[in-house]
Amino acid sequence: MDTPLREPTYLILTALAREPMHGYAIIGEVAALSDGRLSLRPGTLYGALDRLTDAGLVELDREETVDGRLRRYYRLSPSGASILAAETERLRRNVEAATARLRARKAQALTPRTAGGLA
Amino acid sequence: MNELERRYRRLLRAYPPDYRRERGDEIIGTYLDVAGPDRRWPSLAEAADLGRGGLRQRLRAAGATDLIPGVRLAGLLALTTAAFLAGFWVFAEQQLPPAEAGVPVFGPFVSVGIVAWCGWLIAALVVAVAPGRPARVAIGVALLMTAAVPAVSVLAGVPRPPLLVLAPMVALGVLALAVDDGLPVLARVLPVTAATVGGFLSYAMGVGAYWGAYRGGGGEFQPPIGTVLLLVVLLLAIGLGMRRDARGGWAAMALLTPVGLLNVHLLAGAVDGLASGAPRPTYPTMVGVALAVALLGPALLPAAVALRRRLGTPSAAAPCPTCGRHR
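Chains as they are written, first to last, in the UniProt record's numbering: chain A, 1 to 119; chain B, 1 to 327.
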């Protein structure tokens with residue numbers, strides 16, 4: 001699987017990090033994790049799950065039938081967990097770097113400048 | 001089974017039968033969960049989602065999963081080429097014929113084609129600053145404007161660029177619609193850079209008589225552009241192929257139609273035979289060759305997918321990726 005992960009892929013893996021979930025629950029969790037910005041449709045979700053399963057990042061956990069509807073639960077595989085951890089670390093470093101730069105910029109803007117410069 | 005479920009199942013036919021058997025109930029169940037109890041019809045977006053999902057699965061079953069990323073790559077190259085040509089033609093449009101020639105013009109421009117070329121320049125800008133839906137809309141508008149030029153020319157009685165200039169732009173535009181939403185910044189600025197280079201080149205050539213070459217069908221200018229595009233995509237195909245990435249190969253195949261249309265002058269010259277060391281094809285031959293390229297080119301991709309499926313389907317014998325069952 002190519003890294004950096006695309007945002008939907010990253011959020012699907014994040015959703016599955018807590019516990020195994022079925023498709024509908026993953027859609028809801030991804031929407032919640034992205035503050036409603038990302039709304040996965042089932043066709044897109046199952047395509048992504050197929051790719052993640054092919055890459056060995058996601059595994060089938062169990063099957064259930066609820067109200068006559070088949071539900072398959074998916075879980076994060078060990079290699080899925082390590083890819084998610086590596087990607088999260090990469091993003092964390094980026095966030096830290098950006099936060100430090102923005103703080104420095106804000107501090108610079110607040111420092112009063114001497115009128116007339118060096119003259 | 002209620003009416004909504006029946007309608008979802010009808011749309012699910014976009015998927016291959018094997019996949020439908022394995023995953024159909026699960027996908028439909030999720031759609032019904034998402035839809036809620038009062039819905040009777042699938043939305044257009046859901047129909048498109050199922051259509052896309054079905055196409056992806058069919059390509060996967062044929063061992064052609066790289067096709068869609070390949071077409072997206074071709075989309076970027078097509079848009080870059082279209083922007084380059086538009087930048088070039090915008091300046092060529094300002095090279096008016098001498099008044100004594102009595103050739104009709106479109107205000108201060110050679111033809112109504114200026115509107116379409118400006119549409120492509122705007123599309124290149126939108127791709128750079130607002131990728132995704134706005135970019136696709138801008139490309140769609142530029143494409144429609146280009147395709148509408150012949151009809152506008154007839155209805156309004158204004159001059160237009162030659163069909164052999166418009167046809168490759170339409171083919172490039174159709175492919176450009178496939179451009180990826182999540183392009184990195186460097187890739188997003190490629191079309192607008194190409195448009196600037198095209199404009200500078202046209203300005204540098206600064207030929208007062210260039211309107212003649214333009215009206216002559218771009219016979220001298222378009223073939224080199226088509227050849228450069230072909231070389232670039234072939235180099236990409238070789239480079240990516242060395243990393244076992246088939247995107248470049250699919251991109252090359254997708255670009256054969258616009259490359260062929262840009263090279264109609266040369267191809268038709270080869271059909272008619274060479275005279276005086278340069279291709280001198282007749283107009284009927286050029287039209288015939290353009291039609292052949294426009295009809296055969298788009299058939300190449302599905303033919304290649306079918307051939308790949310026939311030669312060997314690596315995924316056919318593999319277990320279902322999700323449930324692990326053998327089909």
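Since the hints were made in silico from the structure, they are not lab data.
Among the hints, a few may not be true.
Here are some of the chain B residues that sit facing chain A, going by a computed Cβ distance under 10 Å [what the hints assert, rightly or not]:
1) D18
2) R23
3) T30
4) D38
5) A45
6) G51
7) R52
8) R56
9) Q57
10) V170
11) V174
12) L177
13) A178
14) E220
Short, incomplete list of chain B residues facing chain A, as computed with Cβ under 10 Å [stated by the list, open to error]:
15) Y31
16) E46
17) D66
18) P134
19) V137
20) T227
In this text, a Cβ means the ideal position worked out from N, Cα and C, and glycines have one as well.
Hints and how they fare:
no., hint, result
1, D18, "violated, 13 Å"
2, R23, "holds, 6 Å"
3, T30, "holds, 4 Å"
4, D38, "violated, 17 Å"
5, A45, "holds, 7 Å"
6, G51, "holds, 8 Å"
7, R52, "holds, 6 Å"
8, R56, "holds, 5 Å"
9, Q57, "holds, 7 Å"
10, V170, "violated, 30 Å"
11, V174, "violated, 24 Å"
12, L177, "violated, 19 Å"
13, A178, "violated, 17 Å"
14, E220, "violated, 42 Å"
15, Y31, "holds, 5 Å"
16, E46, "holds, 7 Å"
17, D66, "violated, 12 Å"
18, P134, "violated, 17 Å"
19, V137, "violated, 20 Å"
20, T227, "violated, 32 Å"
Hint check: violations occur at hints 1, 4, 10, 11, 12, 13, 14, 17, 18, 19 and 20; the rest are consistent with the structure.
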